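Listed below are the residues making up each chain.
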Amino acid sequence: MARNKEALLLLIDVSPSMHNLLTEVERVCSMLIEKKLIYSKSDEVGVILFGTDETNNDLTKEVGGYEHIVVLQQIKVVDEDTIETLQKLPRGTSPGDFLDAIVVGMDMLIKKFGPTNKGKKRLCLLTSAQYRIKEPYEGTKEDQIDMISAQMNANGMKLECIIVRGKLTGDANRRIMDENDLLLNRFSKKSCAKTIYVESPTSLLGAIRTRNISPVTIFRGDLELSPRMKIKVWVYKKTSEERFPRLKKYSDKAPPTDRFATHEVKVDYEYRRVDDPSKVVPPEQRIKGYRYGPQVIPISSAEWDAVKFKPERSVKLLGFTDSSNILRHYYMRDVNIFIAEPGNTRAILAVSALARAMQDMNKVAILRCVWRHGQGNVVVGVLTPNVSHRDNIPDSFYFNVLPFAEDIREFQFPSFKYLPSSCQPNAQQQKAADSLVKMLDLGSPGKEVLQPDLTPNPILERFYCFLELKSKQPDATVPLLDNTLKLITEPDPELLSQNKSFIDEFSKQFELMENIKIKKSSRRLWREKPSGSNEGEGAGDVSDAQAVESTKNESAVKVDKIGDLTPVQDFEAMMSRRDSTEWVNKAIKDMKNIIFDLVENSYEGDTYQKAVECLIAFRKGCILEQEPKQFNDFLRHLCKFCRKKDLSSFCEFLTSKQITLITKTEAVDSDATEEEARSFLVKSEPTFL
Amino acid sequence: MIFFQERVATKELVVYLIDASPKMFSPAGKLENQEEESYFHTVVSCISQSLKTLIINRSYDEVAICFFNTREKKNMQDLNGVFVFNVAERECLDKPTARLIKEFSHIEEQFMGEIGSQYQIIPGNRENSLYNAIWVAQGLLRKGSAKTVDKRILLFTNEDDPFGSVSGAAKIDMTRTTLQRAKDAQDLGISIELLPLNRSDEEFNVALFYADLLGLDGDNLTQFMPVAGEKIWSLRRLDDMKDQLRKRMFKKRKVRRITFSVADSISIELNTFALIRPTLPGAITWLDSITNVPLEIQNSFICADTGALLQGHTKRFHPYKNKNIKFSVEELLEVKRVSTGHLRLLGFKPLSCLKDYYNLKPSTFLFPSDKEIIGSTRIFIALHRSMLRLQRFAVAFYGSSSHPQMVALIAQDEISNSSGQVEPPGMHMIYLPYSDDIRKIEEVHMNVDSVAPRATDDQIQKATALLKRLDLKDFSVYQFANPSLQRHYAVLEALALDEDEMPDIKDETLPDEEGMARPKIVNALEEFKVSVYGENYDEDYMEISVSEASKKRKDIVENAVKECANYNWADLADNGKLKDLTVVELKYYLTAHNLPVTGKKEALINRILTHLGK
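Chains as they are written, first to last, in this note's numbering: chain A, 1 to 689; chain B, 1 to 614.
Bound conformation, chain B alone (with noise of 0.2 Å):
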């Protein structure tokens, strides 16, 4: 993909803050396959799969691992009950490593001897787990601007009362304390999230006390849980649990902010998103083969005539007419200039005239935003409702700069399940191509004077009983991980822990092959090709592969072997004389030694001497 850059993020700091109480070892309930884990597992297993999407981004973003409510301490202030997790080679905050990864994943195995769970906040007991974790969450979030990165501490608990067991003036203090602890924290730029885990017995209260810690009141708390009002409380299927834990754990990022200029009178607001880009293997890094060091790449322009060293070179050319045409690069960005604005309502256009053809890059999300234009909101919402309800799509021109584009916007209806929300509400930007981008491949084979066969009836039923029986009844596009790339990184993490064995990827993309052995699918396979291709097609099939393509190959080396004993080639090369040969002489020799023919007479004269061993 040249097509498209994305923006560089900001970095973003987060300290993922896990409550290691007894009470998160209980089971949380049975998985669809009917495995028992705990709420500990749940969100050891989320936060790995969360860190290696990190890796996988190749993201700038610093991670820092904090358990509470344990037994043994470890931090910088050395407070007790909270233990910060870390591995060799790695600050505390600090990008993940493979070994991180590694060893946070099975943490599980050693967690009760080196660290122990322990309850802290008991009565009698001074002491305040929670209030020392924000505050090491905090310490640990000390590095960096808040102007320049974002802060986060991710909290995960199943304790919705985490005072509940103290009582008095002893709980009134605590709860005032840590309310302070984390306004302070707040104040300094870093935004505390919480995730909270339900109980089977009870749904998380947040009313409780996060809501308090975490400043929601009213229409905040609605926000604050995006999805389907207060149903995430009661999330039963651990399943869909781990899911929104999942999606909860990425900040969104908006990709710009523009401006949609509706008519002459309205322009509104809105962010764009990118909500499906390709992730691509990361980048090469050249390193020096000897000492491992990154090289630089340096690159210096040099005049082809004279050999001169070129500096802040502005003109490019074109040839055309036997001429070199000049432009100077503000001509070149003055030509694309040709809308002022950023989007421009051009009109809308019934839903069915967007043909599956229209495509050429990945779509952008729009979202509306009222910070600087009050009221794009309500504008938006209004436009996005009409457009639903009458079928009907926005085509506008983007005027970007860089890329210019007519564009079809298209109304997405919010669509959840009962893990929350699959498609968000808002408008999707596709990017339409130009009659100079749209080839007419139709056309190329098109017959003259025959008209070109179409299927029976017959034919079509049988294709219909196929297509009922290898339904795919409930495909999403996320449910295949990207092969080539889970491998790419697989490997990696192997290197980068110096492990011997490959690991084995399972390609999940491949067609499920024991399903398409059921007797019921092979009939309705079976019927469909009788009914296409008649009842003796592999015969016919086998017959003409191998009477056209083989066979004209097969003639085409005998020839070559034929043609090409005619000549002494040792003896020519020899004497330098191969370059006196024609091309059509020089690949008889290589098609008769099963050798690549490609190429200029150059590199064929060096492959036959190669191959001559001269």
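Extracted from the complex, chain A is given alone in its bound form (with noise of 0.2 Å):
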């Protein structure tokens, strides 16, 4: 087998407890899956189900028991059936035993590979471990974990245990899910095995490594504390981050018959003068130059190497200090982690001395790094104790690289104490604000809501499903985000509702004002806000509340184009977009032609309801914005247009919902007086009436 892949077997819980889960359950799986055909397509995937209604697997077939376990897929090399199989699951109605679930998947990886492919094959369980397993024919539960355990040793494999638990367990009975956890953690003593607690379905779609990068060390070599004091250590990156995928560029001037188009793009580089664009510099004909102030200095490769700075590779401690000469936002970069050489028993002992040293003492050290041989510069960073919990993992140290003088700016600030009385908070502003901060609570170490190790990427989940989405659909849109994803970009609407007194003190307690000397330009910013309840402004015109709130909440994703289906808050949307100055004359322009086709498209005025849902819309909009002169031209033109065409039903409905021009009180620039509005659409009625 190739050293990166791998053979995995899913074990999925179906039973009644999990059923909530099983959406979070297909989506993470398949997610695993469409991950393995892009970056490890070789990989073996095979699919057990327990708790099913029904029973098929080979163990029941050749020594019986082993019910409710379907073996839905066989170990094989991923492909996208795969995904199909995984998104629907069934919902079963029995208990699941994982421990029987366990011995299938185990018993299906020896019969496929044997002994082989150590370290290579791995179980992952997802299960909420509420209902209590089978008393096995002989000796107790713990020792046929034990059994089991050296099982899977002998043949290198590898268990996962994602366990569901906290509010997603609902009224289980707490004395079986504590025996269950004891046989799971049994596990993790016993052999390559680790139990992960999830609490709320985002982080089960984070519990699930969905691509496998195997770690490379960056250095393997002599921590030195002194000349003559050294401690074998390999360092690895702990944190790095997954990035977007870079999509290539396609091109589409291959004729549609050529079946082996690559419709890649290639880039062409030339090098031309600045001061006559006609001449191309060949390659072999340039210089490196490197700017000094205004001067740009010519030196070519071989001058630049025999000058450059040259520093040794080599790890040196430079001493310890306390932790709190570290502040925390000094971390410059993605993290490392140092480990004592596998296998070094003393450089494990020296390292977990000086780990556990550090902790009690809260001390860190602070170490200069070259990493490799012809390295150019040099990293001075802070190595803080890692230590373990778990028996069978030694104590580490993370290391973050710190800033040098040149990186840091001094700007100086304002001290609060300072400041004007009126940016202090009174007493009782500072009671909202602690009760709010205390009480708006995301956990504590252990509890916790939002852990960064099991919080997916939104991003990546929406991209990923939008490429399987796109693999069917060509023209499929962009998904939403799902409410378990929304998770992690707002506020979780139970938690605000848990305390909204917290958070109503705080609004009453503060008071915020827009800024008026500022032009409108920049006021945009202050309008975004979401203002629905805020009780200590004036809500502005009662008729256009309505329009405006309805944006507020529905609108995670921007908007750029106006649709039928919900054409207000498509536009207010677009409206309060800052991207770009041209969203709200494309606002506007849309806007129009929705207005337009509904009036034009009506069947006895079933549509002019909405129609003038839209203008009302659409005349704020176009106040706010100070373009008067867009709505006036539009509604005289409008007017015009239903008269002529035998739709001054319409004219009639406006005139009862009181719509008019745009006067000069409402916005500077507007051509109509207010008379001229008030008497817009009455002038109008005699001819039709």
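By construction, these hints were calculated from the structure, which means they are not laboratory data.
Small disclaimer: the values here were computed from a predicted structure and weren't measured.
Keep in mind that a hint or two might mislead.
[As the list claims (entries may be wrong)] Each computed DSS-like pair below joins lysine-lysine, with the alpha-carbon atoms no more than 27 Å apart: (1) A:Lys249 with A:Lys472; (2) A:Lys190 with A:Lys111; (3) A:Lys248 with B:Lys326; (4) B:Lys315 with A:Lys472; (5) B:Lys323 with A:Lys253; (6) A:Lys253 with B:Lys315; (7) B:Lys440 with A:Lys447; (8) B:Lys468 with A:Lys248; (9) B:Lys371 with A:Lys431; (10) B:Lys323 with A:Lys249; (11) B:Lys355 with A:Lys586; (12) A:Lys308 with B:Lys506; (13) A:Lys586 with B:Lys315; (14) A:Lys266 with B:Lys321; (15) A:Lys417 with B:Lys252; (16) A:Lys249 with B:Lys315; (17) A:Lys5 with B:Lys323; (18) A:Lys610 with A:Lys657; (19) B:Lys73 with B:Lys171; (20) A:Lys561 with A:Lys589; (21) A:Lys266 with B:Lys326; (22) A:Lys470 with A:Lys88; (23) B:Lys336 with B:Lys326; (24) A:Lys232 with B:Lys577; (25) B:Lys321 with A:Lys470; (26) A:Lys189 with B:Lys440; (27) A:Lys266 with A:Lys279; (28) B:Lys600 with A:Lys41; (29) A:Lys5 with A:Lys118; (30) A:Lys472 with B:Lys73; (31) A:Lys561 with B:Lys315; (32) A:Lys248 with B:Lys506; (33) B:Lys321 with B:Lys254.
Join the two chains, each given in its own frame, into one complex according to the hints.
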């Protein structure tokens, strides 16, 4: 098997206690397969369900027992069918026995691979572990687990248990759950297993590593405490950003009949002289120049190599210091981890002793590192202890890069205590802030919501979901962010409603005011804020309030065109986009078309109500953006059109809704006086009555 | 660093206006190393340092250096007592060059001879050198519109009462005209900033004259000195004064303004600042090696299938399931658009939840502003205090359009020392990783059947003793200059000035070997070593390293030499038969001749041919 290839068996609990979570399970498993299809195409995957109504597995045929376990898919190289299979998991009605499922999975892996592929076989158990597991025929459950562990170790299998707990379990039997927890934890002690407890659907999506990256050391060698005392260490990356995939440019120039077309785009670079762009300079005639102030200093690579900074590859200790000397915001980059050389007991002991001493004394170590030979710079960073809480994992250190003097900008800011009293909160306001900070709680260690280790990247989730969708339906639109992922980008509505009184109190205590001196163009910022429930402010024109309010909540995505379904909301959202001034013009243009269509295509006035709603929103938008001419011209045009096309009933409808031109008092630039506005529709009435 | 790009900062035009009166040449005090230096020297060294910083930050700022109270005069308006300093190949107001920095830092040597110091404002003399100086500075700043550039005059002086020596109507007149001159300059969008130097015998009293010139009153006066109140005026230590000057010479620039939505009905206004960002050696500019003219890179996109030149292509694709799945650029933007608004509060957690490995890139500093939404500062301060007191941080979602991310907001209390503010009050925004970004390295080398070794209490005690011995008491991240960057610019400076000798840069990041060799430290190290490694570690260690790594390598080479002898390489090369050999066979030759064995087969063959001299 290739170095990175793995065989994975998913053991999925579909018993009743899991039903409310199976959508997320389907999601995370499909995502796993989607990523495998891209990044590790030769991985093999099998799926076992337990807690099903039926029974279908080899062991039950061979030795009997092992009921309610179905092998949904045998172990095979990943393909798109697997996604289909995982996207519609059946809901079972029987209590699931996770231990039986593990045995069935283990049996499958042994039959397929035997003792080969050590360390590349993985069982992934997804369960709520809420039902009592069967008593074994002989010995205790503990004995059984020890036997299974021994078997797994002998065959080099890994086990990953994802256990759903917390709010998600409902009224389950505490005693059974505790017993099951003990049993599952026994696996972590006896074998290559880990257990993750998941308390929310969001963390379930983040609990399974969907992409396997085999870790590579960035340094192996000595951590030099002094020239005479060294510790053998390996350094890995602990965090490293998984980037948004880089998509290639697509060329559609190839004829559609060309089946072998790559559709790729090549980039051609040409170097031309700034003073004479017609001259192309060949690559060998180029020389590197570095800027020094206004000057550019030419220097050849060979010359540069001779004079540049060439530190020696080494990792040296500079000393220890109080952890309070290193503030958290100094950390510059992604994080590394220092582990003692695996298998080297003395190194492990040395790291362990230092880590524990540092932890006890609240100290950190400062290091100077040059990871590679020929590296042109040094890195100064801080080593913090990572004392292990599991018996079979050695202690280690985290390493964070610190800034150099040149990297710091020492801007001076006013002290809060010297700010004018208008900026200082009073005792009551402080109390309201205190309770907000206390009550809007995302938990404590161990019981944490949105823990980074269990929080998936919503953008990547969305991209891969879209990719899968597009592979089936090339013209699919971008899927909306569902409620599970929204919990990452927006506050949890449940948390907000639980603490409504504290939030209301906070809102009541503090008053925000728009600075009226600022020009309107820069005021968009303010208007964008959701202001539906602010009591302190006058909510503007009443007839417009509903139009404004309706856009507040569901605008998770920015709108770039106005649809027929919710034109008012789309228009409002588009008008408030600040990423380009073009959106306002586009919104106005689209809105005009929509209103026109609505009026023109109405049958006995069935769309008039909607058209008027649009017109109200449009009018309000034009006042806010100070574009009265856009509205007034349109309204005049619309009325003229209606009269011509025998749609005068719409004009009457407008009159009854009292929609008029935008007046000078509403927008300075308007060409319509109060009087003209008032009489605009009235005067047309006699003609058509 | 690929993942963040700073906005191109707006340009700044700065005139350093330096008082050169005899008073400035009196000793200012002693440095920590007991060397005495004059006020003038202090100012010159601070300015030199900030000019170098401008170079390193690759800023487009332009500077001019102007002395007043001089004997000689040199300025466009031909006013007495004002001398504009400049070097060859440079406008008076221009980007700093290597020559300017070099000559300016050595100016004291010829100052008395060539420029001279002379106090101008004396009874009976109608000259007003301060007035002249501001006028000259204003003249220098004539270029560029005040809308697109920041114009600043930085005034360095140790005289708090410039018209103290004159009296009566003359004094009133001079004061009035000077204030008017300053006001005219300010009306043109030029800001005048004072960098006062404290005299050892008395404190610099801004109220005497300069408060009026700068237009300070009440609240502004405290705002003017952001550091703890009036403390600045009584900075006794020269080092502190230098520190303060250095910090104040740079203007703070915000990255952008954002809204922070605390609750549905409450959004406040914040400014973001990049206080910590890696400074990298400047990018390469390609030049024509014959003429040294800069080159422009022009890239054209070509269809790989047809060779046609492409323009305005908006489609992207990603291979998936043996198909090319196409996306429009708009769709990709839409995928990244997961949040409205800028920064949304999600909740709070205790600080102990913020692990050391939750980090991806440098943090961003947040400071409130009442410019558009009045009341923002008050809410910010209230939350800031609560978070500090309750030891909690906020979790929020930062919805930038290019890179939306979950962030932690940590409240930072103000920290000041004798030289002023060290850490400003505000919040630091830490970019949090997602589960996709965190690697479970600890579990990679998990020990299945055995328990991992743990240090004993005695070993931990020995480590503790070592920690105490090797303590860096006043460690600060400000203490190390980046040796690579210093070297880079020192070399460039030498080349720019056509100097023959390459400068030697001290690497401050190397461990203090002398200190490490102190007997007490050596003892502590030795005790720790014996306690964790046992007595005979060094011998065992040598054995292991010889027996394993190098022995294996030696075996490989020996084997390769043996195998290599079985082929007639020259013959194979001549007949073009090398390509018939396997990669393993080719590698025998390479290993035996100590050549790199990496690359494709073709590369290996080429390497052999080169080595054979074919």
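Going down the list of hints, with the structure as the test:
no., hint, in the structure
1, A:Lys249 with A:Lys472, "holds (21 Å)"
2, A:Lys190 with A:Lys111, "holds (23 Å)"
3, A:Lys248 with B:Lys326, "holds (10 Å)"
4, B:Lys315 with A:Lys472, "holds (18 Å)"
5, B:Lys323 with A:Lys253, "holds (17 Å)"
6, A:Lys253 with B:Lys315, "holds (12 Å)"
7, B:Lys440 with A:Lys447, "holds (20 Å)"
8, B:Lys468 with A:Lys248, "violated (55 Å)"
9, B:Lys371 with A:Lys431, "holds (26 Å)"
10, B:Lys323 with A:Lys249, "holds (15 Å)"
11, B:Lys355 with A:Lys586, "violated (46 Å)"
12, A:Lys308 with B:Lys506, "holds (13 Å)"
13, A:Lys586 with B:Lys315, "holds (23 Å)"
14, A:Lys266 with B:Lys321, "holds (23 Å)"
15, A:Lys417 with B:Lys252, "holds (20 Å)"
16, A:Lys249 with B:Lys315, "holds (6 Å)"
17, A:Lys5 with B:Lys323, "holds (22 Å)"
18, A:Lys610 with A:Lys657, "holds (12 Å)"
19, B:Lys73 with B:Lys171, "holds (23 Å)"
20, A:Lys561 with A:Lys589, "holds (10 Å)"
21, A:Lys266 with B:Lys326, "holds (17 Å)"
22, A:Lys470 with A:Lys88, "holds (19 Å)"
23, B:Lys336 with B:Lys326, "holds (16 Å)"
24, A:Lys232 with B:Lys577, "violated (46 Å)"
25, B:Lys321 with A:Lys470, "holds (11 Å)"
26, A:Lys189 with B:Lys440, "holds (17 Å)"
27, A:Lys266 with A:Lys279, "holds (22 Å)"
28, B:Lys600 with A:Lys41, "holds (24 Å)"
29, A:Lys5 with A:Lys118, "holds (11 Å)"
30, A:Lys472 with B:Lys73, "violated (80 Å)"
31, A:Lys561 with B:Lys315, "holds (19 Å)"
32, A:Lys248 with B:Lys506, "violated (46 Å)"
33, B:Lys321 with B:Lys254, "violated (46 Å)"
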